[in-house]
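There are 2 protein chains.
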Amino acid sequence: MSKNLVPVGLSNRHIHLSKEDIETLFGKGYELTNFKDLSQPGQYACEEKVDIVGPKGTLKGVRVLGPARGKTQIEISMSDGFVLGVKAPVRDSGDLAGSPGAKIVGPKGEVEIEEGIIVAARHIHMHTTDGERFGVKDKDIVKVPVEGKRGLIFDNVLVRVSPNYALEFHIDLEEGNAAGLKNGNMVEIIK
Amino acid sequence: MSKNLVPVGLSNRHIHLSKEDIETLFGKGYELTNFKDLSQPGQYACEEKVDIVGPKGTLKGVRVLGPARGKTQIEISMSDGFVLGVKAPVRDSGDLAGSPGAKIVGPKGEVEIEEGIIVAARHIHMHTTDGERFGVKDKDIVKVPVEGKRGLIFDNVLVRVSPNYALEFHIDLEEGNAAGLKNGNMVEIIK
Numbered sequence: 001m002s003k004n005l006v007p008v009g010l011s012n013r014h015i016h017l018s019k020e021d022i023e024t025l026f027g028k029g030y031e032l033t034n035f036k037d038l039s040q041p042g043q044y045a046c047e048e049k050v051d052i053v054g055p056k057g058t059l060k061g062v063r064v065l066g067p068a069r070g071k072t073q074i075e076i077s078m079s080d081g082f083v084l085g086v087k088a089p090v091r092d093s094g095d096l097a098g099s100p101g102a103k104i105v106g107p108k109g110e111v112e113i114e115e116g117i118i119v120a121a122r123h124i125h126m127h128t129t130d131g132e133r134f135g136v137k138d139k140d141i142v143k144v145p146v147e148g149k150r151g152l153i154f155d156n157v158l159v160r161v162s163p164n165y166a167l168e169f170h171i172d173l174e175e176g177n178a179a180g181l182k183n184g185n186m187v188e189i190i191k
Numbered sequence: 001m002s003k004n005l006v007p008v009g010l011s012n013r014h015i016h017l018s019k020e021d022i023e024t025l026f027g028k029g030y031e032l033t034n035f036k037d038l039s040q041p042g043q044y045a046c047e048e049k050v051d052i053v054g055p056k057g058t059l060k061g062v063r064v065l066g067p068a069r070g071k072t073q074i075e076i077s078m079s080d081g082f083v084l085g086v087k088a089p090v091r092d093s094g095d096l097a098g099s100p101g102a103k104i105v106g107p108k109g110e111v112e113i114e115e116g117i118i119v120a121a122r123h124i125h126m127h128t129t130d131g132e133r134f135g136v137k138d139k140d141i142v143k144v145p146v147e148g149k150r151g152l153i154f155d156n157v158l159v160r161v162s163p164n165y166a167l168e169f170h171i172d173l174e175e176g177n178a179a180g181l182k183n184g185n186m187v188e189i190i191k
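Protein sequence lines correspond, in order, to chains D and C.
For the first sequence, the numbering used here gives the first residue as 1, with consecutive numbering after it.
For the second sequence, the numbering used here gives the first residue as 1, with consecutive numbering after it.
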């Protein structure tokens, strides 16, 4: 039987902005500029970057991802959290309650958010047809083993299945480096 | 039966220097200054710091660890490798053949090393009595499972047993962050 293989997508720090915050940071009526399509349909890295200012330090030039979202969300690594001086919880996207805030600085203005900084929990996006092929459903938890000198088995990997998703295993740079993984490496899913 | 528990020790980037390189960087007859004893007997973090200059960038203020070693060795994270612009291999301490070099800049001079930059392979130090207690011997390979939201199982963990070692699981900051581990957390060894 063929293995359930999924390409790796490494996430660097980035920010999703609400329409309102885009206007405050970049000017009234401003529209984000597509710099590069991401593998998830409709998602793109933007030309735009902002600075994130925490109680202890600043992350300069953090890439904005588009399109606009309902609520501004900042995804950082744990090391970035040390730089900012905040304790960002490991959370699934959109689960922002009680997470730390920060000041966001753009070319035309600043926004102070009360909450919204998280370390993204590892997850796998897949299309409905992938879910059927792999025999997994939305919100299943799977394991992902990685071979090699830095071999390990990722546990607690959340599966998200939707006709709007493309197959990809999302981890942050620290998780990728800890496992010796690069963008596009193929890994297996174990149920 | 009680579990085989080991405290976690997270390594940040650091450098071990040869006696000759210490004199070139800090001056003739210079002796390193103990800043803080490390958990391994006889090992200490030094007051002294140096800059590591790679083809693409510089790591400033890299902590020197003492005492002097036979050969200079730089231990960095994979992210540090991107900053320097070098591809440091994942290696056991002392295994430096073919690894990248760099320029080391101290207050009194500079040293250009041909090789010596590695990403340290995860390992466990333990005293001979711990080895007997756990039923493992020098150079065994074990697994280390970690619980929690960032739960994973570290594979390929090298065990080093010696009467000169103290019990500790050594991983770098990226591995620690990938698993949600902090200094002093207790983890289990699985044979």
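Think of the hints as simulated: they come from the structure by calculation, not from any bench.
Be aware that one or more of the hints could be misleading.
Only pairs whose alpha carbons sit at most 30 Å apart, straight line, appear in this in silico DSS-like list of lysine-lysine [what the hints assert, rightly or not]: (1) D:K182 - C:K149; (2) C:K87 - C:K108; (3) D:K87 - C:K137; (4) D:K143 - D:K87; (5) D:K143 - C:K182; (6) C:K108 - D:K149; (7) C:K182 - D:K3; (8) C:K139 - D:K149; (9) D:K149 - C:K103; (10) D:K60 - C:K191; (11) C:K149 - D:K56; (12) C:K49 - C:K3; (13) D:K28 - D:K49; (14) D:K60 - C:K3; (15) C:K108 - D:K87; (16) C:K191 - D:K191.
All of these numbers come straight from a predicted model, not from anything done at the bench.
Structure-based check of all given hints:
1. D:K182 - C:K149: holds (22 Å)
2. C:K87 - C:K108: Holds - the C-alpha atoms of K108 of chain C and K87 of chain C are around 28 Å apart, at most 30 Å.
3. D:K87 - C:K137: Violated. K87 of chain D to K137 of chain C sits at ~39 Å, over the 30 Å cutoff.
4. D:K143 - D:K87: Holds: K143 of chain D and K87 of chain D sit about 26 Å apart, inside 30 Å.
5. D:K143 - C:K182: holds (23 Å)
6. C:K108 - D:K149: Given pair K108 of chain C, K149 of chain D is violated - Cα atoms ~38 Å apart, limit 30 Å.
7. C:K182 - D:K3: Violated: K182 of chain C and K3 of chain D sit about 34 Å apart, past 30 Å.
8. C:K139 - D:K149: holds (14 Å)
9. D:K149 - C:K103: holds (27 Å)
10. D:K60 - C:K191: violated (44 Å)
11. C:K149 - D:K56: holds (26 Å)
12. C:K49 - C:K3: Status violated; Cα separation ~39 Å.
13. D:K28 - D:K49: holds (17 Å)
14. D:K60 - C:K3: violated (45 Å)
15. C:K108 - D:K87: violated (39 Å)
16. C:K191 - D:K191: holds (23 Å)
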